Each structure stands twice: as structure tokens, then as C-alpha cells.
Amino acid sequence: MYRSLASAIAAAKAANTTLAQVALTAESEDSGRSIDDIRGALARALGIMRGAIERGLAGDLRSASGLVGGDAAKLAASTNGPLVGTVFGDVLARALAVQEVNAAMGVIVAAPTAGGAGVLPAVLTGLAASRHLADDAVIDALATAGLIGAVVAERASLSGAEGGCQAETGAAAGMAAGAGTEMLGGTPDQVGHAVALAQQGTLGLVCDPLGGLVELPCVFRNATGAAIALAAIEMALAGIAFAIPADEVIDTMGEIGQEMDVRYRETAGGGLAATPTGRRLARERLVQIKRS
Amino acid sequence: MVSLLDIIGPVMVGPSSSHTAGACRLGLLARGLVGGTPERAHVELHGSFARTGEGHGTDKAIAGGLMGFRPDDERLRSALEIAEREGLAYTFAKTTLGEEGLVHPNSVRITVDRGDREAVMTGSSLGAGRVMVTEIDGYPVEVSGGYDTLVLVAEDVRGSVARIANILSDDGLNIATLRLTRKQRGGDAFMVIELDHAPSEAVRDEIRALEWVRWAFRLDKVSA
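Chains as they are written, first to last, in this note's numbering: chain S, 1 to 292; chain E, 1001 to 1224.
Keep in mind that a hint or two might mislead.
[Stated by the list, open to error] Stretch by stretch, here's where chain S covers chain E in the computed footprint (C-beta under 8 angstroms, at least three residues): (1) 1003-1009; (2) 1072-1080; (3) 1099-1107.
[Said to hold, decoys possible] Chain E residues, not near chain S, derived (Cβ > 10 angstroms throughout): (4) 1040; (5) 1048; (6) 1126; (7) 1140; (8) 1162; (9) 1167; (10) 1170; (11) 1178; (12) 1196; (13) 1211.
Simulated from the structure, these hints should not be mistaken for lab results. These numbers come from a predicted model, not from an experiment. Each residue gets a CB set at the ideal place from its N, CA and C atoms; glycine is no exception.
Go ahead and model the full structure; you've got the sequences and the hints to work with.
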């Protein structure tokens, strides 16, 4: 598997093919599995992702602590905001939906992690729905996303405990931006810019879960992460180039994560988790969980 | 090496790929070290695992893994109740396994007992559901669970590695990695062999039957 996006992009350009193809070929060589087999596994993942979106949009789930639930449905039903009826608005609701299922210990696909599991499915299925793209296109996009995530895992981290939320919803946003760009016809170079444009918007993002639960602010960070991904896709497809290559942005994310104080790295010791309200909610709700 | 399916996956019960799915996988690997669901398990959580594990269901996830549940098994939600019913006696504690920066923040030491076999395993949940076992019974290892793995302890006898490698290759098994460590010269040799495919019961029995093999267990692949 590739350890730099630059080398994957170079391989795609040399072979005059997509990053999805490059990713599937590399995976096939690494694992000994056929490309069809790998796409089959990705298709299964897509099915679970769609199931989670549907489940979350039904609106009746609440997390064990009761802190989150019902907001995906609320957003989808709202007629007040500026994004009503747009793919952007739809993607935000999908992101909340998956995360609400996750918070309720439902079945989701970690992509790359459970904490950031809403971003990629929301962006890809939302864009596919609006453009009437077939599942095959989304499956290819998942392969592209996997490649991007593998590079982040190698160069930086995919764990909130090591890299803060930069490494979870941030990495997911980078994956969604790159994969979404290619799915909508972007070139390998544009995919690179999309990844950089998304990651730059999430640098420094802390992991500060209230009470240590993957609920607040996690559910909402998936929506804002999806929003950042969409912004990156929009800019990349317009031909906008980000001056710093994606690999360097990813490396920077890793360095910032290492320098980040431990209270901002999934210990519930800082950030929102340490606010007066955050502490109070944590106390109240953890008692509730212990009882349930 | 990272697989696409490590990134787009695992399919799992939420809420945390490190603290739920990864923890579950560590439980599965510990179970493998004693050949089945243990009778007793003592789980010592370090770092972020200790601090936020409760909200992430880490205790349920490890207990589930110890009973053979995989990350997408919906029984994980009630793993602690099921453990009570199944007679798995578990205890959890918070500990410090080492200095910050040297030990991964999501690490755990699991001590399991089953029959006359006890094993102590230290491992970390690296994020996105990936895991790494770093110590088994005091021997340093690097087991990711990405391969079907044979773990065994043998007297440090000359030709032992070749003998075992021959048994495996006679069965058509390809060795991906092989690591041998000893705590001291002439002491026991600890072997970790990662294979491209799972070894059959017959192969394992053949290896166990070797008079200088003290114990041998298979760790089933835990990743995609």
C-alpha cells in the first residue's frame, strides 16, 4: 500500500487511471485477494453505511447517556435554513444520522474510525444521490478513500488519543474530500488538492469528548467535518490548488498531534469536556449509564 | 502495512474503533493464547483506555472478545451480563504500563486463566480498529492480528525452528513472518509465526506433540 499520496498520484497519472484503480491494485498485490473480492468487501461496507444512515434518520435513537439522538431527523425535516433542499443540507443530516447510530452502540463502519464514521458515508452517498451515481462509483470512491486513509495512518495517526480529532473527523474529511472529488470526475492531482484543502481546515482540532463518551461533540464534529469536505471538493473541482502538498499537510497534522497536550487527546481532560456544563453533564450522565 | 479494509472497516458495534472494536480484537487475541474462553480474566487498562474506557464500552468489548465475539457482534452491548452467565470471572483495574510517549495511550495488560494455562498479554489499540500485541508472557512481540498466527514456547533445542517450519510447509502453509525470542540462552524459545492461511487442527496437534514444545496456540486473524 502507498505511504505517500504523491506516489499514488504519480502512479495513477503514469497508468492514465484513477486513484481507485491504483488503490485496488495495490490492495490486491498486498493481500493476495482479487480486486472483485476487495470490491465485494467494500460493497458490504457500503450496505452497512447506508443502513446506518437510514436508521439514524428515523430519529428514534438515543445514546446510552441520553446526551445525543434525534438531531439528524430534526435537520432533515427543517425548512428554515439556507441549505434546505440542497445536497449540502442532505449530507449534514446523513453525517449526524450515522454518528447517532454509533453513539447508540449500533452497527457502523469505522471509516477510518468510529468517531469519524459519519463523514465519509454522508459525503459519498449524499453526492451520489444528488448526481444519480450507481453503487459501483461509490465503491470505487471507497477504495480511493481507503488509500488516503492508509497514507494518513502511515504518516500521522488515526487515533484521537494520539492525534486528537484531527486524526478522526479530520482524516475522515480528507478521505471524503479526495474520494468525493474523484467520484465527481476530478483528476488525481485534484484529489491531492482536495485532501490538502480538507486537512488544512481541521489542523489543531482537539479530541474532547464529554465524559469520555463518543457523543458530544463527536456527533456534531462529523457534520462540520462533512461540511469541510464539501468545501474542499468544491474548490478542488474548480481547479484550485493548495500550495502545500497533501503529504506535508498530513505530516503536519501528525506533528501537531504529538505536540498536543494529553488533555486534548481523548482523555476528557480538556476542551469542551472540561467546561462547567461539560463536567456537569458528564457527572449526571455517567451515573445514568452505570445504572442502565 | 495498512490495508484498505483496515481503513474502510471494521464493521463494528459503536461507539469507538479504538476503545470498542480494537479492545474487542485484543480480547480475541488474549482468548487465543489460552485456546478458548478463559475462566478468569484480569484486565488492566492504561492511559486513555483507562480514563475514557467506560463510556466507550471498553470493558464490554474486551469481555466480548474474550468470549469470542467479533467487533460487529451485537452481543457486545450485553457482554458483561453474558460473561456472568457464561462463568467468565473478570476484573478490571486501571494501571500505568509505562511512561507517556513510550507506551501507546490505549494499552492494556490482560491476564487470562483457562484450565492449567495462564497467559499474560500486553497490547495496544492503535486507532481505526488496528491493534498490536507487544508482549506475551514476558516475551516482546509484534503481533498485529492481521495474519493467522501460531504462538508457541519450546525448549531451546537445535533444529527446532527448522522442524516446525517443515511441518508448516509440508501442510502447504506459507510463512509470512517468523520471530524467535529467548529470555536467556538455553532458556525457552518463544516463537511467533504469522501465516498466510490458518493452520489446521492436525498441524497444531503435530506441533504440540513435539516433545520439546511446551505449548502452542493459534491466534485467529482478527482484522479484515
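Outcome of the hint check:
Counting residues of the region 1003-1009 of chain E whose CB lies closer than 8 angstroms to any CB of chain S gives 7, so the stated coverage by that chain holds, three being the minimum. Here the region 1072-1080 of chain E counts 4 residues with a CB under 8 angstroms from a CB of chain S, which clears the bar of 3, and the coverage holds. Look at the region 1099-1107 of chain E against chain S: 4 of its residues bring a Cβ nearer than 8 angstroms to a Cβ of that chain, three or more, so the hint holds. Every CB of chain S is more than 10 angstroms from the CB of residue 1040/E (nearest about 24 angstroms), matching its label as outside the interface.
With 10 angstroms as the threshold on Cβ separation, the claim that residue 1048/E sits away from chain S is violated: the shortest Cβ distance comes to roughly 4 angstroms. The claim that residue 1126/E lies off the interface is violated: its Cβ sits roughly 6 angstroms from the closest Cβ of chain S, which falls inside the 10 angstroms cut-off. In this structure residue 1140/E is separated from chain S by more than 10 angstroms, as the shortest Cβ-Cβ distance comes to about 21 angstroms. Residue-level check passed: residue 1162/E sits 26 angstroms from the nearest beta carbon of chain S, beyond 10 angstroms.
A cut-off of 10 angstroms between C-beta atoms confirms that residue 1167/E is not in contact with chain S; the least separation is 22 angstroms. Against chain S, the non-interface label of residue 1170/E holds: every CB pair exceeds 10 angstroms, the least being about 21 angstroms. Non-interface status of residue 1178/E relative to chain S is upheld: no Cβ of that chain comes within 10 angstroms, the nearest being about 18 angstroms off. Not every CB of chain S lies more than 10 angstroms from the CB of residue 1196/E, the least distance being 7 angstroms, so the non-interface label is violated.
Distance check on residue 1211/E: its Cβ is at least 35 angstroms (rounded) from any Cβ of chain S, clearing the 10 angstroms threshold; non-interface status holds.
Violated hints for the displayed structure, listed by number in ascending order: 5, 6, 12.
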